Every structure is written in C-alpha cells, then in structure tokens.
Amino acid sequence: MNLYEKTALELSSMLQKKEVSSKEVCNDIFKRIKDTDDNVGSFLYVDEENALKKASEVDDRRAKGEKLHMMAGIPIAIKDNISVKGIKNTCASKMLLDYVPPFNATVINKIEDNDGIIVGKVNMDEFAMGSSTENSYFKITKNPHNLKKVPGGSSGGSASCLASGQVPLSLGSDTGGSIRQPASYCGVVGLKPTYGTVSRYGIVAFSSSLDQIGPMARTVSDTAFLYSIISGRDKKDATTLDTNFNNYEELLKEDISNLKIGIPKEYFGEGINSEVKQSVENAIKLLEKNGAKIIPISQPMLEYALSVYYTISCAEASSNLSRFDGVKYGYRANDVNSIEELFIKSRSEGFGDEVKRRILLGNYVLGSRNNSEYYKKAIHYKNEIKNIFNNNFKEVDIIITPTVPNVAFNLGEKLNDPLEMYLQDVCTVTANIAGVPAISLPCGMNKDNMPIGIQLLGPCLSEKLLLSTSYRIEQLVGNFNNLAKL
Amino acid sequence: MKFDIDYFAKLAYLDLGDHKDKILDDLEHITDMINKMPSIKEDELILDKDYSMEFREDKVIPSLSRNDILSNAKKVQAGCIVVPKTVE
Chain A
295 MNLYEKTALE LSSMLQKKEV SSKEVCNDIF KRIKDTDDNV GSFLYVDEEN
345 ALKKASEVDD RRAKGEKLHM MAGIPIAIKD NISVKGIKNT CASKMLLDYV
395 PPFNATVINK IEDNDGIIVG KVNMDEFAMG SSTENSYFKI TKNPHNLKKV
445 PGGSSGGSAS CLASGQVPLS LGSDTGGSIR QPASYCGVVG LKPTYGTVSR
495 YGIVAFSSSL DQIGPMARTV SDTAFLYSII SGRDKKDATT LDTNFNNYEE
545 LLKEDISNLK IGIPKEYFGE GINSEVKQSV ENAIKLLEKN GAKIIPISQP
595 MLEYALSVYY TISCAEASSN LSRFDGVKYG YRANDVNSIE ELFIKSRSEG
645 FGDEVKRRIL LGNYVLGSRN NSEYYKKAIH YKNEIKNIFN NNFKEVDIII
695 TPTVPNVAFN LGEKLNDPLE MYLQDVCTVT ANIAGVPAIS LPCGMNKDNM
745 PIGIQLLGPC LSEKLLLSTS YRIEQLVGNF NNLAKL
Chain B
1277 MKFDIDYFAK LAYLDLGDHK DKILDDLEHI TDMINKMPSI KEDELILDKD
1327 YSMEFREDKV IPSLSRNDIL SNAKKVQAGC IVVPKTVE
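The listed protein sequences derive, respectively, from chains A and B.
In terms of the numbering used here, the first sequence has 664 at position 370, counting the first letter as 1, and numbering is strictly consecutive.
In terms of the numbering used here, the second sequence has 1323 at position 47, counting the first letter as 1, and numbering is strictly consecutive.
Take the hints with a grain of salt, since some may be wrong.
In silico contact screen, one side only, chain B against chain A (beta carbon under 8 Å); selected entries [to be verified]:
{"no.": "1", "residue": "F1284"}
{"no.": "2", "residue": "Y1289"}
{"no.": "3", "residue": "L1290"}
{"no.": "4", "residue": "H1295"}
{"no.": "5", "residue": "K1296"}
{"no.": "6", "residue": "I1306"}
{"no.": "7", "residue": "V1336"}
{"no.": "8", "residue": "I1345"}
{"no.": "9", "residue": "S1347"}
{"no.": "10", "residue": "T1362"}
Heads up, simulated EDC-like pairs for lysine to aspartate or glutamate below, C-alpha to C-alpha not over 16 Å straight-line [said to hold, decoys possible]:
{"no.": "11", "chain 1": "A", "residue 1": "K325", "chain 2": "A", "residue 2": "E304"}
{"no.": "12", "chain 1": "B", "residue 1": "K1351", "chain 2": "A", "residue 2": "D619"}
{"no.": "13", "chain 1": "A", "residue 1": "K639", "chain 2": "B", "residue 2": "D1294"}
{"no.": "14", "chain 1": "B", "residue 1": "K1296", "chain 2": "A", "residue 2": "E299"}
{"no.": "15", "chain 1": "B", "residue 1": "K1312", "chain 2": "A", "residue 2": "E667"}
{"no.": "16", "chain 1": "B", "residue 1": "K1350", "chain 2": "A", "residue 2": "D619"}
{"no.": "17", "chain 1": "B", "residue 1": "K1296", "chain 2": "A", "residue 2": "D647"}
{"no.": "18", "chain 1": "A", "residue 1": "K529", "chain 2": "B", "residue 2": "D1319"}
{"no.": "19", "chain 1": "B", "residue 1": "K1317", "chain 2": "A", "residue 2": "E634"}
{"no.": "20", "chain 1": "A", "residue 1": "K670", "chain 2": "B", "residue 2": "D1319"}
{"no.": "21", "chain 1": "B", "residue 1": "K1286", "chain 2": "A", "residue 2": "E643"}
{"no.": "22", "chain 1": "A", "residue 1": "K300", "chain 2": "A", "residue 2": "D332"}
{"no.": "23", "chain 1": "B", "residue 1": "K1286", "chain 2": "A", "residue 2": "E634"}
{"no.": "24", "chain 1": "A", "residue 1": "K379", "chain 2": "B", "residue 2": "E1333"}
For the record, the hints were derived by calculation from the structure and aren't laboratory data.
Remember, predicted model here, so these are calculated numbers, not experimental data.
Even glycine gets a Cβ: it sits at the ideal position worked out from N, Cα and C.
Use the sequences and the hints to build the structure in full.
What follows is the structure in structure tokens.
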C-alpha cells in the first residue's frame, strides 16, 4: 500500500514508531498530487518547498527524542477561504487574486502548533457561494469518481483532494451544506460542527451566523482526530463556546446501545433519488439490527427552510462583502476618475455573477422598501426551526436523513439555473439555521459507482454522540477510505 | 413585486453590464422562492432572546504592524492608502 492511501492515524502511528519519516510521507503526497491533479484540479496552490522544510524539521526533532503531538508530520490541505499567513487566500475570486493574509486563522495556528504540515490551498466556489465548485474564478474541480461530474461545493477541492488520495486530511467550511454535500458526492466524511465550537477567526466571512469551519477526512476516526485539534474557545471569536472535545478517542466511545433515531418523513418523500433512499434506509436498518430504535418524526419547516437560509445568508453576505471596495486590499480597477467609480468598477470586475446575485438579494431582503419584512420573518422562522429541533431531540437522540437527494451531477448541468443549484442544499440548510452539528458519511454507491451520503444530526454539543454513531455505521457499512480509481 | 435591479445594484455599487437581464430573471425566480416563507403577524414574531458573548477588555494590545496591514494595498504613500481624489 502506498503512503498516500493510508489514513492520518495510520500515518501518525508509523511516524511515531519511526517506520517512516514525515519527509517520505510528504514526498509521496506531492508525487500523488503531481500524478493526479492535472485531471482532478483540487489545488489552487501547492506549497511543496515550505511543507518539505517543515517535514524535515519535524523529523529532526523526532530523531532527537522530542515527544511530538500525533498531528506532527501529517499533511493537510486547507480550503482557500481560511487564512494561512504568507500564502495567497483568494476565496477562488478575482477580487482576492493577489491577497496574502498577514496572519493565520486560529485553526491554522492550532494545526501548526501541533506540527501539522500544510501542503496547499484547495479550490472552492467563489466566496463559498455555490454547490459545485464551478463558481471558482480560477479552475474547474472534478469529482475523482467520475471526471465528468462535479465534486460538490463549496468545499469541492477539500473533498476531491481526499477522494483522490492527495492528502489524508482537509479543512472545509459549511454555511448551508458546503462540507457535507461535497463529502457526500465524493464519498468521504465531513463534519459541520455545532455553531461556536470552532473559531471563525481568519475565515473570510460569508454569513457570520451560519459559517463554520469543519474537518474532512476519509474515515470517521480521522475526522474526530482533526476536530479534536481545531475545536475550542477562542478569545478572537466572541461566538465560540467552552468545549472539551480535545481527546479524539473519547469522541468515539459514547454508549449508543439504546440509541433512538428519528427519521423525518419530509426528507424521504418525492424528489429523493430511489437509489439514495435505498442506500440510506439500508444503513438505518443495520443500526436497527444492532439495537437502535427507529422513531418517525416530523420536520414540517423543510418546506420553507431554503427560503429562510437564502434570506439570512444573503443578507449577511451583502454586509460582509461590502468591505471589498478596491481600497485597502483586493482587486482595484484601473482608469477610474472618482472614488465612486473605483468602488463600482472594482466590485463589478472583481466579483462573479453568483456573488453579485447574492449581494443583490441580500440588499433586497434588508432594504427599507420591504421594511425588512423578509429578514424579520427569516429570523422568526430560524427560531421556530431551532424549537422544532429541540422538540425532536426530546423524543430522539439523533436524526438521520440523506445528505443530498441525489448523487453528483454532470459538470455544467445546473450552471444556467441558480434555483436548481440552490435545491442541492435542501437537506443540509436546517442544521446551519439551528446551529446543530451534522455529519455526512458514505453509505454506498449507486449503479454508476457514484457515492451516496447519509447525514446524521444531533443536539448542540453532541459531537461525541454523532461521531460515535458514525463510527458504528462505518464499521457496519464498511468500505470507507475508498480512493477513487484515477 | 418586480425586482428593481437598478436600485439594488446602485446600493451594492455594482454595474451588471451585459449580464443584467439574466441576473434579473434569476433573481425574480429566487424571490419567488423567498416568498414561500409564510406570513406572520407582528405580535407573533419570535426574535432572539438573550445572547451572551464574552467581549475582550477595552485595552490596547499589540496587533498587526502597519506594514503588514498595508502589504495588500495597491498604492501606499506615507503610511496611507492612495485612492482617487475624494474631495474637490
């Protein structure tokens, strides 16, 4: 088995036993990237020189007998909206074509403090707005399982680099499903944590009340491992919570012997692909055979959840993206004669169409012409959605749904119909609106060998329960760490 | 309600150029979706209750250097960012 096929925890064990060096691991990873990325297109930037320098340093310290963290020497890829000092952070946008952050995101400090090796920045939809990574200004990323299909989005690069075996770990971000949907499409694991358990300091804001950085990997254990490193309170992000998720093994050991699983009927109705439905139901049956109790529940708000999500997220995005004006950083238009012309030309030339659509919608829902009617309604329904989840969790421990109603679609298929693209988020947005944790795992393949994803949701701060149940599903369903055949 | 794209584009400092008609068409479909949120009476609104956040102390502490902050600006002079004239 090649080193690039190993999980992060397998590599960590080999490194600690000195069966392999970090430099050897990184060299294998960079060879894999060179062999595959012309086809897949995960990476916007590969930092081979600095990564190998760091790997050598870790090897030297280990050779001298220094006790190092389990993360030491492990390669990881970072979504290109998370700031890494000294490396471009473009958000896949012309607006930030040349922007180099002068600081690290908190999650990056945590990885670097534990001697993780950042190998590069991966592709995404522009400013995290999209569900296919086709909105990237720079390039198309393809699904490693079928190069004619999308990897999902907006964390498409974060998912494709795992499925191709280019790295064992990656970071994504999730505002309405942007970790979970690409995880489902690419057959990997992705966790959107409870809102507030991972610092947002250093991520370029899209929708501040919904955004969360989250771990992605090919196995549940690796996902739990990465989550244990990046989670925790941060003084630089006032929305973070005091948590104690820093022991990844404990995150997999919750007693799930009397698990009550809620199945909301609204997620299994018309519109869900029959193979997706079958695969998810098979996984649920396996849990039932192993002692779980299945309880039907209802989430009637699914009908207008997308409306709530797009109202809130676009309202916040229109405010967050007003900072991009061509003045302090980012793209600045040429041949301008006034400050107003500077703003208009820089923004019009710097942003893509999807970003412009969402800014306009945000202004619309917040505008005084509508008396902020839309935004107030959306906040009301956000609280109602939270209440529905709270009531559900009085009856059940976790909720299971498909992650997406279908498998990955063809490149270009939904580009001309934004509303059709927005429907990709229908199963995932409620978790962001309510702030609850949600994870996507592979649960099978369809007849065309495209991955299918199952989604688990839990109450706030129930990551231990979610990850333990996910670990059990991984053992029952099997075939995780399944690299695409490239 | 017809989407007044010129008004909202002006608010957003955006010139939509040749894409205006397509974006308008898209937004009218998207606002149809937004309108699916059922109506509610003002007195039935559930808005956010208490939301406690920890704020840092109001003390000046070391932060980024001016050079670091200005490193991404297109044109800098005397420690300031140069932009087109704003005052006649």
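For each hint, the structure was consulted:
no.: 1; hint: F1284; in the structure: holds, 5 Å
no.: 2; hint: Y1289; in the structure: holds, 4 Å
no.: 3; hint: L1290; in the structure: holds, 5 Å
no.: 4; hint: H1295; in the structure: holds, 6 Å
no.: 5; hint: K1296; in the structure: violated, 10 Å
no.: 6; hint: I1306; in the structure: holds, 6 Å
no.: 7; hint: V1336; in the structure: violated, 15 Å
no.: 8; hint: I1345; in the structure: holds, 7 Å
no.: 9; hint: S1347; in the structure: holds, 6 Å
no.: 10; hint: T1362; in the structure: holds, 5 Å
no.: 11; hint: A:K325 / A:E304; in the structure: violated, 19 Å
no.: 12; hint: B:K1351 / A:D619; in the structure: holds, 14 Å
no.: 13; hint: A:K639 / B:D1294; in the structure: holds, 14 Å
no.: 14; hint: B:K1296 / A:E299; in the structure: violated, 47 Å
no.: 15; hint: B:K1312 / A:E667; in the structure: holds, 13 Å
no.: 16; hint: B:K1350 / A:D619; in the structure: holds, 12 Å
no.: 17; hint: B:K1296 / A:D647; in the structure: holds, 10 Å
no.: 18; hint: A:K529 / B:D1319; in the structure: violated, 37 Å
no.: 19; hint: B:K1317 / A:E634; in the structure: violated, 40 Å
no.: 20; hint: A:K670 / B:D1319; in the structure: holds, 12 Å
no.: 21; hint: B:K1286 / A:E643; in the structure: holds, 15 Å
no.: 22; hint: A:K300 / A:D332; in the structure: violated, 22 Å
no.: 23; hint: B:K1286 / A:E634; in the structure: holds, 11 Å
no.: 24; hint: A:K379 / B:E1333; in the structure: violated, 26 Å
Consistency with the previously given hints fails for numbers 5, 7, 11, 14, 18, 19, 22 and 24, ordered from lowest to highest.
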